[in-house]
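Student: Spelled out from the first residue to the last, the chains are:
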Amino acid sequence: MPAVLEQISKNTYTKIDLHRRLGLLQECLEEILYHTTVSPEASTAAGIAYAHKVGAPKDVAALSEWGDLVWGFFQSPTMPAVINKLKKESELLPSLVVYFPVQFDAEATKIVSVWCREKIHPLLLLETYVDPSVIGGCAFVSKDTHHDYSIRHAMKDNKGVVSELLASYV
Amino acid sequence: MLFICALAARIQSRYDISYMSTFFLTIMLAVAIVVMIIAMITMLLMQMRSSARVNKLTYPAYEYVMRQTEAKAEKMLQKAQEEARHIVAAAEKTGQKTIQEYTKSATETHGVYLKTVEKFTNQLSEKLEESSHASSAQLEKLADEAIASMSSQQKVVQEKFSSALESVEKTSLQLEGETTEAIGELKRHVTEASTRLIEKLNAEGKQHTQYIHEHLEKAASSAEEQITEYQKARTALLDTHIERLVEDITARVLHKELTLTDHAELARAALADAKEHNLL
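So the sequences go chain by chain: A and B.
Numbering-wise, the first sequence is residues 30 to 199 according to the working numbering.
Numbering-wise, the second sequence is residues 3 to 282 according to the working numbering.
Hints listed in this document are in silico derivations from the structure and should not be mistaken for laboratory results.
Even for Gly, the Cβ is constructed at its ideal location relative to N, Cα and C.
There's no promise every hint is true.
SDA-like mimics (lysine to any residue), calculated; alpha carbons at most 20 angstroms apart, straight line [stated by the list, open to error]:
#	chain 1	residue 1	chain 2	residue 2
1	A	Lys39	B	Arg270
2	B	Lys81	B	Ala91
3	B	Lys234	A	Asn187
4	B	Lys277	A	Ser124
5	B	Lys258	A	Gln132
6	A	Lys188	B	Lys258
7	B	Lys234	A	Leu194
8	A	Lys188	B	Asp241
9	A	Lys172	B	Asn280
10	A	Lys148	B	Asn280
11	A	Lys188	B	Arg246
12	A	Lys148	B	His279
13	B	Lys277	A	Trp144
14	A	Lys172	B	His279
15	A	Lys188	B	Ala253
16	A	Lys139	A	Glu156
17	A	Lys139	B	Thr261
18	B	Lys277	A	His150
19	A	Lys87	B	Leu262
20	A	Lys148	B	Ala276
21	B	Lys162	B	Glu178
22	A	Lys188	A	Lys172
23	A	Lys185	B	Arg236
24	A	Lys172	B	Ala276
25	B	Lys258	A	Glu156
Stretches of chain A that chain B covers, calculated by requiring three or more beta carbons in the stretch to come under 8 angstroms of a beta carbon on chain B [as the list claims (entries may be wrong)]:
#	stretch
26	118-130
27	133-144
28	160-169
29	176-183
Construct the complete structure from the given sequences, taking the supplied hints into account.
Tutor: Rendered as C-alpha cells:
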C-alpha cells in the first residue's frame, strides 16, 4: 500500500487531484474487473483505454504513468475494500494549505510541490487557493497559523518608505 | 213555500174542498200571493208619483209662507231692538243720576276728611314748635359751653404750637450744620471709593490683558499643534492612498507581466524564506 501511494504521489501534487484521480481509477477498475473479461496482463491497457473515454486528458496521462504497480495491485474480489482503504490512507497524508495570487497550472504547481517534498515531506500534498490580494509570492497555513510571505506583506512592512521618499521631495 | 203548502192543507181541511188537490191549491195560493205583491208594488209606485206631484204643486205656497214668517221675524227683531235701546237709555240716565249722587257724597266726605287732617296737622305743628323752643334753648346752652371749651383749648394749642415751632427752628439750625458736615464726609468717602475703584479696575484690566495675551498664545500654540496634526493625518491618508495605488499597480503589473513559472518561483522563494524562519 505505501508503495502504491508513493507511485500515485509521484505525479499527483494536490489533494483535489488525488481525490479525483482515485475516483477515476475506481471507475476504470470496476469496468475492467466486473463488466469485461480481460486477462490480467491486458488489464492496465484496458483500464487506460476506458479512462480515455471517461476522464480528463491530464488525469488520464497521470493514470497511464502509474503503470502496472498501481493497476495490477487490485484484484477482482478485494478491489472495493482495497481502494477504500487507499482513500482513507490518502486522507492521512501530510498537506499544506497555500494561497497563490493566480490559478497555477500543473507545471507551476509541480515547481512548488517538488520543493515542498524535498524540504518538508516526500509525500506532502498541497491544498491550493487563489487570493489575488497576495500579489506575488504566497501565503500559507502551518500549524493552524496563517503566514503571509507575499509581496503585499513585504510592502506593508516597508510602509513608511514611500512617505519618507515623498517627504524628502516636499 | 212550506208555509204556503201548510196554509193550503189547512184551508182544505177547514173548508172541505177535498175535491181540489193540495198541489192545485198550493199553486193557486202562490199565484194569489204573487198577484197581491205585484198589486202592492204598483200601489206604492203610484203613491210615490202622486206625492211628487203634490210637492211640485205646493212648493210656491211654502215659499210664500216662509217669506211672510221672515218679514214678521224682522219686524219683531226691530221692535225688540228699539225696546232695548229705550231700556239702555233709561239705564244710562239712572246711572248718571246715581254717579252724580255718589260724587256729591264723596266730595263731602273728602272735605270732612281734609278738615280733620288740617286740624291734626295744626295740633302737631303747635306741639312741635313748643318742643323745638325747649330744645333750642338747651342747644344754645350747649353751644356756649362748647365755644368756651374750644377757645380754652385753642389757647393751649396755640401755646404748644408756638413752643413746637421754636424747637423745630432750633433743630433745623442744628440739622443744617450737621448736613453740611455729612455732605463733606460723603464727598470724601466718594472720592476715596472712586480712586480705589479706579485702581482696582486698572489692576484688573492689566490682569485681563495679561490673561488675554496668555490665552491667545495658548490658542495660537494649540492651533499650530492642530495644524501639524492635521498635516500628519492628511499625509498619512495620502500615504495610504499612495500605498494602495502602488499595491494596485504592482498587483496589476505582476499579474500581467509575470508568467505562471515566475509566480511559482516567487512562491517557492517565499516558502524557502518561511523554512529559513522555521515556520514550515
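Student: What are the numbers of the hints that this structure violates, sorted from low to high?
Tutor: 6, 21, 22, 25
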